[in-house]
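Peer 1: Chain by chain, the residues:
Number of protein chains: 2
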Amino acid sequence: MAEKSPRVQSVSDAFRVDPESFDLAGVDPAATPVGPRSKAAAARDLAVVGEELDRLQEALYAEGVGGGTRRVLLVLQGMDTSGKGGTIRHVAGLVNPQGLRIASFKKPTRAELRHDFLWRIRRQVPPPGHIGVFDRSHYEDVLVARVDNLVPATEWQRRYRRINAFERELADEGVTIVKCFLHISPERQRDRLIARLEDPLKRWKYNPADLGARGKFSRYQVAYRDALVKCSTPAAPWFAVPSDRKWYRNWVVARLLLEALRGLAPAYPQPSYDPAVELARLRDADPLR
Amino acid sequence: MAEKSPRVQSVSDAFRVDPESFDLAGVDPAATPVGPRSKAAAARDLAVVGEELDRLQEALYAEGVGGGTRRVLLVLQGMDTSGKGGTIRHVAGLVNPQGLRIASFKKPTRAELRHDFLWRIRRQVPPPGHIGVFDRSHYEDVLVARVDNLVPATEWQRRYRRINAFERELADEGVTIVKCFLHISPERQRDRLIARLEDPLKRWKYNPADLGARGKFSRYQVAYRDALVKCSTPAAPWFAVPSDRKWYRNWVVARLLLEALRGLAPAYPQPSYDPAVELARLRDADPLR
Chain D
0 MAEKSPRVQS
10 VSDAFRVDPE
20 SFDLAGVDPA
30 ATPVGPRSKA
40 AAARDLAVVG
50 EELDRLQEAL
60 YAEGVGGGTR
70 RVLLVLQGMD
80 TSGKGGTIRH
90 VAGLVNPQGL
100 RIASFKKPTR
110 AELRHDFLWR
120 IRRQVPPPGH
130 IGVFDRSHYE
140 DVLVARVDNL
150 VPATEWQRRY
160 RRINAFEREL
170 ADEGVTIVKC
180 FLHISPERQR
190 DRLIARLEDP
200 LKRWKYNPAD
210 LGARGKFSRY
220 QVAYRDALVK
230 CSTPAAPWFA
240 VPSDRKWYRN
250 WVVARLLLEA
260 LRGLAPAYPQ
270 PSYDPAVELA
280 RLRDADPLR
Chain U
0 MAEKSPRVQS
10 VSDAFRVDPE
20 SFDLAGVDPA
30 ATPVGPRSKA
40 AAARDLAVVG
50 EELDRLQEAL
60 YAEGVGGGTR
70 RVLLVLQGMD
80 TSGKGGTIRH
90 VAGLVNPQGL
100 RIASFKKPTR
110 AELRHDFLWR
120 IRRQVPPPGH
130 IGVFDRSHYE
140 DVLVARVDNL
150 VPATEWQRRY
160 RRINAFEREL
170 ADEGVTIVKC
180 FLHISPERQR
190 DRLIARLEDP
200 LKRWKYNPAD
210 LGARGKFSRY
220 QVAYRDALVK
230 CSTPAAPWFA
240 VPSDRKWYRN
250 WVVARLLLEA
260 LRGLAPAYPQ
270 PSYDPAVELA
280 RLRDADPLR
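For the protein sequence lines, the chains are D and U, in the order given.
For the first sequence, numbering that gives the first Met the number 0 assigns the number 0 to the initial residue and increments by one for each residue that follows.
For the second sequence, numbering that gives the first Met the number 0 assigns the number 0 to the initial residue and increments by one for each residue that follows.
The following block holds chain D by itself, in its conformation from the complex (with noise of 0.2 Å):
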């Protein structure tokens, strides 16, 4: 019952960004440096993952129902087809949707674009024992915010430190964080969209302001790197996903929530109640009755 998933190298210490070293044209997008080398091998390891994760995360919802304040936010980013989506389903699909909090975060409307760019967030942070996921977040206030010129320069220049302050204020209130920038390369980006085109069912996922976007690539890129290496604090890390290839994205992303899942060791709450007494009232005095 308490079966651990084997022992591989820290996925935590293998992606975490270092701000004082990190490259980003340096990551290889489709790189497999720890872990399984193949789909299947992958495939297995997520299974043993998804069970071990599903024992995590009962306990650290058993924890927030007896008071407990703490929570997971997983926080995804990344260019269109990186496969924010396909994480979700993969990845938080492993787990009890029942302590599962996703927000996705769309072009913002007119009615919050009228807040703060923080305010549309703190109300879907995940309340106590849940894991959250974010699909975009705050970051995009200073991605497509810089990129496109939304904003002034000295605005989105400011957010930095903004964000840094809010991340540590979540971390302070029992919020583990975990960012993974899933990243994938322009070639790649291509074969996804021509995919997503050439399916009827995938239709769907593809707006034409995507072109624009991927013309932009390189200044994206210039804006996330700045974003991995301002804000990746110990409060709130920052991982760079290699996400070329689908299967080993869904294995990093799944082992950097368990890694974040084990390391709160959650704990089942000590009954406020005597279990004997109860019992006792059940079987001989049975309100029922």
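Calculated directly from the structure, the hints in this document are not laboratory data.
If you're wondering where the values come from, they're calculated on a predicted model, not measured in any experiment.
Treat the hints loosely; a few may be bogus.
[Claimed, not checked] Pairs of lysine-lysine residues, derived as DSBU-like cross-links and limited to a Cα-Cα distance of at most 35 Å, are as follows: (1) U:Lys105 to D:Lys105; (2) D:Lys106 to U:Lys105; (3) D:Lys105 to U:Lys106; (4) U:Lys245 to U:Lys215.
Given chain D, put chain U in place with the hints provided.
Peer 2: Just chain U, lined up with the frame of chain D:
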């Protein structure tokens, strides 16, 4: 790919509450009137149901992305240990979490109590394209509120019509509502409460107040019967789901969800762009170059 789940007698027809003739005392919580007769057979069918649910859910999600307003809301109600959590794990767990929104309604907070009883419910209605699941719901306001005299009788009596009007309004906005009463026997509840108390990993699910509610089992049955009869409408039918057998309960709810999605027959949206033009742009004038 378009393989359909095997036909069974309509589960909706078998379990829908007809206000004219419904007799809760006549519903056997251990019955298995339609569908599989064993846990193994139910598990086999559930796997097939899961695949069809997955396809229909993706089409519904795509429809929402394309501007559609339709969505599904599954409401789960039942006495303690009836299996609301288990149903979420095993039925909601069949679909892609990206298109799922789970909302749990606990005892209202003081802030919530300052508002109308439907206020906190409205905020959790699933967005277009999504499947929402309510773990408890606005029905608590005619159940515990009535049994424990939390409001005057004139107030809870007025709520049935308010609920019907609210659900009618949701239906008009494109929400297909499926309400499941997970019906268990007092004997089975006793077994499950004992199991929770005996297993250290389940004790967090137990609350001494559960015995208080158990002592009012028959008053709750009256309150449930009235809620089911007064609020099973064409726009938002109630289903009385025999829930003494977990595998049967899960199978019934999964089938009810499947029938609701089949009834919607969600359709992938027509692209608002010309795929051939976009393919040509990518192949001959890739903006990246």
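Peer 1: Could you run down the list of hints and mark each one as holding or not?
Peer 2: How the hints compare with the structure:
no. : hint                 : verdict
1   : U:Lys105 to D:Lys105 : 29 Å, holds
2   : D:Lys106 to U:Lys105 : 32 Å, holds
3   : D:Lys105 to U:Lys106 : 32 Å, holds
4   : U:Lys245 to U:Lys215 : 23 Å, holds
In this structure, none of the earlier numbered hints is contradicted; all agree with it.
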